[in-house]
Amino acid sequence: MLYDVLIIGGGPAGITSAIYAKRAGRNVAIIEKYVPGGQLNVIGEIENYTGFKKIVGSALAYEMYEHAKNLNIPFIMDMAVEYDFSGEEKIVKGRKGEYSAKAVVLALGCHTRELGIDGEQEFKGRGVSYCALCDGNFFKGKSVAVVGSGDSAYSDAIYLASLCEKVYVLTKQKLKLHNYAENELDKYSNISVLKGAISTKISGEESVQTLTYLKDEKEEQIEVDGVFVAIGRRPDTENLKGLVDVDEKGYIFSDAKMQTSKEGVFVCGDVREGNIQQIATAVGDGAIAGTEASKYVLRQIYSKK
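In the working numbering, the protein residues as written are 571 to 875.
If you are wondering where the hints come from, they were derived from the structure by calculation, not from laboratory data.
Some hints could be false.
Ranges of calculated distance between the beta carbons of each label pair, as one might list FRET restraints [what the hints assert, rightly or not]:
| id | residue 1 | residue 2 | range |
| --- | --- | --- | --- |
| 1 | 684 | 729 | 15 to 23 angstroms |
| 2 | 691 | 791 | 16 to 24 angstroms |
| 3 | 641 | 754 | 46 to 54 angstroms |
| 4 | 642 | 826 | 25 to 33 angstroms |
Straight-line C-alpha distance at most 30 angstroms; calculated DSBU-like pairs for lysine-lysine [to be verified]:
| id | residue 1 | residue 2 |
| --- | --- | --- |
| 5 | 785 | 666 |
| 6 | 624 | 592 |
| 7 | 811 | 785 |
| 8 | 771 | 788 |
| 9 | 827 | 874 |
| 10 | 710 | 765 |
| 11 | 785 | 663 |
| 12 | 819 | 771 |
| 13 | 811 | 666 |
| 14 | 827 | 785 |
| 15 | 736 | 623 |
| 16 | 603 | 624 |
| 17 | 623 | 666 |
| 18 | 788 | 736 |
| 19 | 663 | 694 |
| 20 | 819 | 832 |
| 21 | 757 | 788 |
| 22 | 694 | 624 |
| 23 | 623 | 639 |
| 24 | 710 | 771 |
| 25 | 874 | 592 |
| 26 | 592 | 827 |
| 27 | 832 | 694 |
Idealized CB from N, CA, C, for every residue including glycine.
Assemble the whole structure, with the sequences as input and the hints as a guide.
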């Protein structure tokens with residue numbers, strides 16, 4: 571079957587893109603490899619998405635899924651493994667089948683890098699977070715730890731310092747920051763940087779209570795209410811390199827209309843270079859991508875008349 575618009579990824583960006591393209595009269599489908607809603611399904615409470623004072627991530631994912639299903643938008647449960655954008659018809663090969671479309675929207679999202687230590691999985695959503703901007707407010711007036719050594723750890727620590735009573739930054743090595751950034755951290759009396767600290771275990775009862783780490787071959791422990799993992803995110807674009815332009819980390823470049831370097835291929839959400847990786851921005855990207863992909867298909871139709 572030849573679709574007008576095929577969306578790869580069923581998170582907030584992908585679902586929104588599909589809704590806008592469908593409402594514009596296009597024949598659309600979403601390919602999702604895991605579960606509709608994407609990363610929303612592993613997020614706890616959300617308090618920064620307009621219209622909901624507080625909502626659990628999986629509940630918001632379900633609402634978005636139901637919205638799409640109400641418009642009869644099909645979800646194809648498959649993993650895209652190969653792409654061919656060379657022809658007028660764009661080809662997407664999955665593990666279960668092959669799909670073609672006049673336009674493709676890449677809403678692939680990202681994977682958060684995990685520490686892989688004891689307690690990390692157990693306390694996800696109960697004190698362990700991968701997004702300071704999303705969850706920082708839950709820890710207002712409390713003590714937290716930021717684990718990481720790069721720019722994301724630095725920015726998370728600065729942001730959390732404005733909310734939390736105490737912020738510990740644990741880094742295996744020297745912080746990979748410019749001098750001005752390190753000096754900026756020193757301005758905050760409630761930030762303590764623990765260099766050479768290797769996080770080994772997150773503990774607690776109902777929620778996080780302590781973080782254990784090794785420093786100078788000695789085991790030490792700090793009492794914290796939350797642990798923010800800031801060791802980077804990885805965009806799911808390994809199969810796209812050489813097909814569309816990406817930056818050094820693999821994020822996809824686009825113009826203001828979400829058009830990638832390849833005509834007829836659009837991008838939206840966390841995988842787009844420059845996106846601040848929030849639900850609201852993913853939805854905004856999706857609205858633009860779905861609209862512009864629909865316009866692209868119409869132009870192709872009229873150009874043949």
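Do the hints match the structure? See the list:
no.: 1; hint: 684 - 729: 15 to 23 angstroms; result: holds (21 angstroms)
no.: 2; hint: 691 - 791: 16 to 24 angstroms; result: holds (20 angstroms)
no.: 3; hint: 641 - 754: 46 to 54 angstroms; result: holds (47 angstroms)
no.: 4; hint: 642 - 826: 25 to 33 angstroms; result: holds (30 angstroms)
no.: 5; hint: 785 - 666; result: violated (48 angstroms)
no.: 6; hint: 624 - 592; result: holds (29 angstroms)
no.: 7; hint: 811 - 785; result: violated (39 angstroms)
no.: 8; hint: 771 - 788; result: holds (14 angstroms)
no.: 9; hint: 827 - 874; result: holds (23 angstroms)
no.: 10; hint: 710 - 765; result: holds (25 angstroms)
no.: 11; hint: 785 - 663; result: violated (48 angstroms)
no.: 12; hint: 819 - 771; result: holds (29 angstroms)
no.: 13; hint: 811 - 666; result: holds (22 angstroms)
no.: 14; hint: 827 - 785; result: violated (49 angstroms)
no.: 15; hint: 736 - 623; result: holds (26 angstroms)
no.: 16; hint: 603 - 624; result: holds (27 angstroms)
no.: 17; hint: 623 - 666; result: violated (40 angstroms)
no.: 18; hint: 788 - 736; result: holds (23 angstroms)
no.: 19; hint: 663 - 694; result: violated (33 angstroms)
no.: 20; hint: 819 - 832; result: holds (19 angstroms)
no.: 21; hint: 757 - 788; result: holds (29 angstroms)
no.: 22; hint: 694 - 624; result: holds (18 angstroms)
no.: 23; hint: 623 - 639; result: holds (25 angstroms)
no.: 24; hint: 710 - 771; result: holds (23 angstroms)
no.: 25; hint: 874 - 592; result: holds (22 angstroms)
no.: 26; hint: 592 - 827; result: holds (18 angstroms)
no.: 27; hint: 832 - 694; result: violated (38 angstroms)
Checked against the numbered hints listed earlier, the structure breaks hints 5, 7, 11, 14, 17, 19, 27; every other hint is satisfied.
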